[in-house]
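> So the chains spell out like this:
There are 2 protein chains.
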Amino acid sequence: MGAVKTKRMPRAVREQQMLDAAVRIFGQRGYMAASMDEIAELAGVSKPLVYLYLNSKEDLFTACIRREASALTEAVRRGVRQGPSADRQLWDGLLAFFTHTARHPDGWSVLHLQARTHGEPFAAEVTAMREEIVAFVTELIAVAARDAHRDPHLPEREVAGLAEALVGAAESLAAWANATPGVTARQAAATLMNFAWAGLGDLMENRPWPVPPVSSADGD
Amino acid sequence: MGAVKTKRMPRAVREQQMLDAAVRIFGQRGYMAASMDEIAELAGVSKPLVYLYLNSKEDLFTACIRREASALTEAVRRGVRQGPSADRQLWDGLLAFFTHTARHPDGWSVLHLQARTHGEPFAAEVTAMREEIVAFVTELIAVAARDAHRDPHLPEREVAGLAEALVGAAESLAAWANATPGVTARQAAATLMNFAWAGLGDLMENRPWPVPPVSSADGD
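For the protein sequence lines, the chains are S and B, in the order given. Residue numbers for the first sequence follow the UniProt record's numbering, beginning at 1 and rising by one. Residue numbers for the second sequence follow the UniProt record's numbering, beginning at 1 and rising by one.
FYI, nobody ran anything at the bench for these hints, they're computed from the structure. Don't take each hint at face value.
If chains are identical, the list can't say which one is meant, so a pair holds when it fits in one copy or spans any two.
[To be verified] Derived SDA-like pairs: lysine to any residue, alpha-carbon spacing no greater than 20 Å straight-line:
id : residue 1 : residue 2
1  : Lys47     : Arg8
2  : Lys57     : Ala33
3  : Lys57     : His112
4  : Lys57     : Gly119
Note that the structure is predicted; figures quoted are calculated from it, not measured.
Make a model of the complete structure from these sequences and hints.
Following this line, the structure appears as structure tokens:
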């Protein structure tokens, strides 16, 4: 509170400091319990300045979600290079993802937990990021399938489902890895490759898991 | 609302009707937009009776989460029989899961979306259910691994990670299947088996995906 001494600093820099502080506090305390006083103090600025720059707690939270979402998608895109085999591309993308979420646990908490547990406008921001990542993964899988078997392509719908499964598995594992002491990004990525790749790999080779016939106990 | 004509009926039956109506309205409108008037009307009872039985909108929502969570875990447990091979058990469990979420899309929306986006007390209810399902899946995978390779067991931590990945993938796919016209429970279960089983299967046979060596571009 009160007048904290602040050196002259470009607005953009100051704003990033506020967002750094806000992501930390939102990620650790949760959205509801986070206080603007604490965020201002951690950022080393006055509370009125936070309001001047970022308007309200809601807007500050939205700005945090947007920044963290674009940093995460950027990290994954940067991690995946053109050229290597499909499994290597997937590994690179997963390693980039788990490395980023491990290095930015508060940012991941904001995206995965906080943004989804405090109502619609925030949840919609995360949904948009998720759709971007799913689209990216869908394209990776579709290209891999095209490369792997020339003739019958994987049906588009199957590829979309696989991408949803992979993204859901990665989200779940990232939360688990961050909550489990000693699990590294490499271990999380290796677990997911063990889980997913040989599965996807067999599928690329046209060796699907043999689905049992419909029985009366089944649903549709 | 006014006095809706209500026949004499045991409290337990009446309460289930209220919960049926509440799950439908919460699932379709969302927690915030759901109105107690609409829930009472759909249940065919007066609003004061809803309050008398279930106390408040918060308590009603919590009761919905609990009922839907235990119906879902029950359906999955019932789906998995002792005896068949590990992949068949997994298939049975996934088919039961996707069949249940397809038949109860509003219940799934309450659990997967609504309960997680409206703050802590509700989110904690779903977390408890999720932990139960993860523990169940962990046990399935651990038993399968024990059956598959006699000597070096899969490390406990790896099994826990695989279970997290599987549950996350299933959650993600269920939401996608319900939102994508024409995707059946069988198709969703088959997609996840294609994605996951051959992967898990290779792992059971001691054929993990070959993790590349650490490079300078990697994280930890």
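> Which hints, by number, does the structure contradict?
Failing hints: none at all.
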